[in-house]
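Participant: With the first letter of the sequence shown counted as 1, position 62 gets the number 62 in the working numbering; the numbers rise by one all the way through.
Derived by calculation from the structure, the hints in this document are not laboratory data.
Hints are not guaranteed to be accurate.
DEER-style ranges, computed between Cβ atoms [unchecked claim]:
{"#": "1", "residue 1": "ASP4", "residue 2": "VAL62", "range": "32 to 38 Å"}
{"#": "2", "residue 1": "SER79", "residue 2": "VAL59", "range": "17 to 23 Å"}
{"#": "3", "residue 1": "PRO43", "residue 2": "ARG17", "range": "33 to 39 Å"}
{"#": "4", "residue 1": "ARG78", "residue 2": "PRO31", "range": "17 to 23 Å"}
{"#": "5", "residue 1": "ARG71", "residue 2": "GLN25", "range": "33 to 39 Å"}
Quick reminder that beta carbons are idealized off the backbone N, C-alpha and C, glycines included.
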Amino acid sequence: MIQDPTWAVPLARAYKRLVHRQVPQGEPAAPARVALVPIQDVPEAVKELRRAVTELGMVGAVLGRERRGARRAQAARRSFVLAAV
């Protein structure tokens, strides 16, 4: 897992562009399209989730695992969920 937000944010954006282009939307047999969001940077993660849903038609997000300690990672996930709803 990439820990540095300067790398995680562009990687998450590139992944969403790839999924948007390659995975069909609206076909019954198509897999659900979900976004990868850079949880290392909570404000960017919220922006990317909103963009993925509103602009790219994705149905949700995958949060990567963090290595910065259980309490800090839990706080980041909680902040993300509260800001995203």
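Participant: The structure should be examined with respect to each hint, and the outcome stated for every one.
Facilitator: Verification of the supplied hints:
About 19 Å separates the C-beta atoms of ASP4 and VAL62, a value inconsistent with the hinted range of 32 to 38 Å. Here the CB-CB span from SER79 to VAL59 is close to 22 Å, well matched to the stated 17 to 23 Å. Checked against the hint of 33 to 39 Å, the pair PRO43 and ARG17 fails, with Cβ atoms roughly 20 Å apart. At roughly 28 Å, the beta carbons of ARG78 and PRO31 sit outside the given window of 17 to 23 Å.
At about 38 Å, the CB distance of ARG71 to GLN25 agrees with the hint of 33 to 39 Å.
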